[in-house]
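Trainee: If you read the sequences in order, they're chains X and S. Under my numbering, think of the first position of the first sequence as 4, with each following residue one higher. Under my numbering, think of the first position of the second sequence as 5, with each following residue one higher.
Treat the hints as calculated values from the structure; they're not laboratory data. Hints may be right or wrong, so weigh each one.
[Claimed, not checked] Derived list of chain S stretches under chain X, where covered just means 3 residues or more per stretch with a C-beta under 8 Å from a C-beta of chain X: (1) 47–60; (2) 174–183; (3) 203–210; (4) 227–238; (5) 286–293.
Note that the Cβ used here is the ideal one computed from N, Cα and C, for glycine as well.
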Amino acid sequence: MFVYFVRRLASLVPTLVFVSILIFGLQQLLPGDPAQMLAGEDQRPEVIEHYRQKLHLDKPIVVQYGYWMGGVLQGDLGESTRTQLPVLDLILQKLPVTVELALLSMFIALLIGIPTGVISAVKRGSAWDHGATVFALSGLSMPNFWLGIMMILLFSVELGWLPASGYVSPFENLGANIAAMIMPAIVLGTAISAVLMRHTRSSMLQVLAADYVRTARAKGLNERVVVLKHALRNALTPVITLGALELGALLSGAVLTEQVFTIPGFGKLIIDAVFNRDYAVVQGVVLVTATAYILLNLMADMAYFLFNPRLRH
Amino acid sequence: MKPRSLALVGAALLTVVPMFAQAQVLRVGLAEDPDILDPTLARTFVGRIVFSALCDKLLDVDEKMAIIPQLATSYQWSADSKSLTLKLRTGVTFHDGEKFDAEAVKFNIERHKTMAGSNRSGELRPVTTVDVIDPSTVRLNLSAPFAPLLAALADRAGMMVSPKAAKAGGANFGTAPVCSGAFKFVERVAQDKIVFEKYANYWNKDAIHFNRIVYTPIPDATVRLANLRSGQLDFIERAASSDIVKIAADPKLKVSKITEIGYQGITINTGKSDKAQANPLGRDAKVREAFELSLDRQGIVQVVMDGEAVAGNQWVAPSSSFYAKNAPMPKRDVARAKALLKEAGVTNPSFTLMTATTSDAQKIAQVVQAMAKEAGFDVKIQSTEFASSLKLADQGDFEAYVLAWSGRADPDGNVYSFLACKQPLNYSGYCKPEIDSLLNEARTKLTTADRIKAYEQVAAQMQKDRPIVYLYHRNWLWAYNSKLTGVREVPDGLLRVEGLKLN
Chain X
4 MFVYFVRRLA SLVPTLVFVS ILIFGLQQLL PGDPAQMLAG EDQRPEVIEH
54 YRQKLHLDKP IVVQYGYWMG GVLQGDLGES TRTQLPVLDL ILQKLPVTVE
104 LALLSMFIAL LIGIPTGVIS AVKRGSAWDH GATVFALSGL SMPNFWLGIM
154 MILLFSVELG WLPASGYVSP FENLGANIAA MIMPAIVLGT AISAVLMRHT
204 RSSMLQVLAA DYVRTARAKG LNERVVVLKH ALRNALTPVI TLGALELGAL
254 LSGAVLTEQV FTIPGFGKLI IDAVFNRDYA VVQGVVLVTA TAYILLNLMA
304 DMAYFLFNPR LRH
Chain S
5 MKPRSLALVG AALLTVVPMF AQAQVLRVGL AEDPDILDPT LARTFVGRIV
55 FSALCDKLLD VDEKMAIIPQ LATSYQWSAD SKSLTLKLRT GVTFHDGEKF
105 DAEAVKFNIE RHKTMAGSNR SGELRPVTTV DVIDPSTVRL NLSAPFAPLL
155 AALADRAGMM VSPKAAKAGG ANFGTAPVCS GAFKFVERVA QDKIVFEKYA
205 NYWNKDAIHF NRIVYTPIPD ATVRLANLRS GQLDFIERAA SSDIVKIAAD
255 PKLKVSKITE IGYQGITINT GKSDKAQANP LGRDAKVREA FELSLDRQGI
305 VQVVMDGEAV AGNQWVAPSS SFYAKNAPMP KRDVARAKAL LKEAGVTNPS
355 FTLMTATTSD AQKIAQVVQA MAKEAGFDVK IQSTEFASSL KLADQGDFEA
405 YVLAWSGRAD PDGNVYSFLA CKQPLNYSGY CKPEIDSLLN EARTKLTTAD
455 RIKAYEQVAA QMQKDRPIVY LYHRNWLWAY NSKLTGVREV PDGLLRVEGL
505 KLN
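Take the sequences, apply the hints, and build the full model.
Mentor: This is the structure we're talking about:
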């Protein structure tokens, strides 16, 4: 198993190289000229020319990629052409924010989603089940940005309980940090909890119908032990996969939610970078996000071994 | 007390305590994140809002767009109008303690002209050399008289940075700018905040009543307003026109409406590429006239901007002293439009109207489509993401384009780059030597009376050729805490910090 783990980690490098080449190529396909975007309103030809040369836009794409890769290998991810701030600094500033939001949202999603899914499966057909389905459907269908704005209007404008925007580092002021993050985390978490709930429910229903569960009941085991120890552990495998994917998606930044709550995370960073044709920022963020995704999937696979001893060989 | 009420009281106290500290901090909500904070390289409108607190300029403009002193206390044109002598304010220092003097002005003008990637070199093109007469007198020598110079010196081209800091910072000076304005740079977190602190040795420090300013970019207008209403911000710029009635009704908030110096219009490809000749709109001036006559500008203002704009048909607003009175705004006349189309031999002309994806531009396109239909036009709307639309416009790969201009203090800034031959913003591809010479004449004459004679002739020709159909001039809509006083409503849309107070 250790060999498996190391092999998976080693495959990180070629995957990242491939992803970076892919994104580099895709960015070039985007219509629009970065040099023009950087020249701003006045579109002075000498400024456009300056940026064309500075960004090596006049050179073949392979050469441009070479320049970028050369910088990366020296630890330099380039700088944002829009603000001149180093890409690495931007990522280090915003990554903790996005990670915190992702973890908080995931926590809320798991807290609501899994228990609701289990109850829904165990009490299938009952009022609990129907209630949970309604909750799931509304969570899935409510647009994040609408829910976010509604929450701001209620909790910030009308009641004044929570700040409408902004981010404070938890190391600076934990209370202010939680106050700023709780609403976006709830918005994101409830949407994901709906998905998790449905998957937990269907997975549980399958498992609860299995032979070994019947055996466990026949052995006279307490229902709670049957459900939680025997059924849930097996039912969680697909949910873990889903959870890892959702967490990965959260790490790439929940753009609309960040926009609504003015959270300076990855989502806003990458969206603005794409619109401004800030290639270096997009490349840097994609690399970091791809790494996070791969690591998360690896952790999810490791988690299977934890939950399912039969896989440990 | 019940635990719940205790919690509520606790929460209430938590909101009150910071308020005392906040009386010293001005919190401003911006519609975008500014770009590089280097006056030489900067290129966005929103950056200028931030600069007005950070970097003083040689000159400034007032509510009537008249040129007033700032770092320069007076100016004098030479007899041949080819040099401008400026008397500088004494006792001024940069945020790093360096002295502001004529040498610093020379350094800055040369930096604006020669730095790689400078966005100011066009604005200062006629300036050939800068002479230091004495520490508080400097002379700018020009290759030809250039009236727009004063307005340029009242904007980024007149902003003065510390020569010592500029040399040390090099190309990355903008990440930690050092100027001589009322506030100095503390920190910037991209897309999060820009923090300034009061500069203790500012020459006009008595007019400054805040210790700190925090600018927060919040692109969504609804969210920006929610932050103002919840008390997290003291001032927001570019409030949505649809929210104005609600804001005005709130006793805790105030609204400022200032007609901009820019415009919103439709640029027509009349010569930028082959597409111009291939389409009746680009090919035939009569068709363009019919198009303009099919539009009800007041109606567009009402629907698109909820009335928060002033209809206009020139590159300056009707209230401007440079508005050409010989070219008044035509009223909608669908019958005449139809007749013109018949004369031109095209009764149902069709063209594609390219527009950005912002909601204003989309609304304009839809209203224009509906209005023009009544005269027989078949307008197809093409929504295009901004970077792509810029490229298409530059290549002439469009027929008509909804395009706004943020405006410059001098009318030359609203017209030269758009109508003179082969200029960068001349997306229409319009090129007439007589217009070029009129525009150049308007640049080289220094009095309004002389310049307006040239502009009147340009406007008269525009009524025949119509490469651009100007629609309206938006109102800058500012919303702020009603306890904020001293808000100066200058048409350039920039918040000035002198005299601002939160009571």
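Trainee: Now look at each hint and say whether the structure bears it out.
Mentor: Hints, verified against the model:
1. Note: the stretch 47–60 of chain S has 3 residues with beta-carbon separation from chain X under 8 Å; the three-residue rule is met and the coverage holds.
2. With 4 residues having a Cβ less than 8 Å from any Cβ of chain X, the stretch 174–183 of chain S passes the three-residue criterion, so the hint holds.
3. Proximity of the stretch 203–210 of chain S to chain X, defined as three or more residues with a beta carbon under 8 Å from a beta carbon of that chain, is not established by the 0 residues found.
4. Coverage of the stretch 227–238 of chain S by chain X holds in this model, with 7 residues showing a Cβ closer than 8 Å to a Cβ of that chain against a need of three.
5. Judged by the Cβ-Cβ criterion of 8 Å, the stretch 286–293 of chain S is not covered by chain X as claimed, because only 0 of its residues qualify and three are needed.
Hint compliance for this structure: hints 3, 5 are broken, all remaining hints hold.
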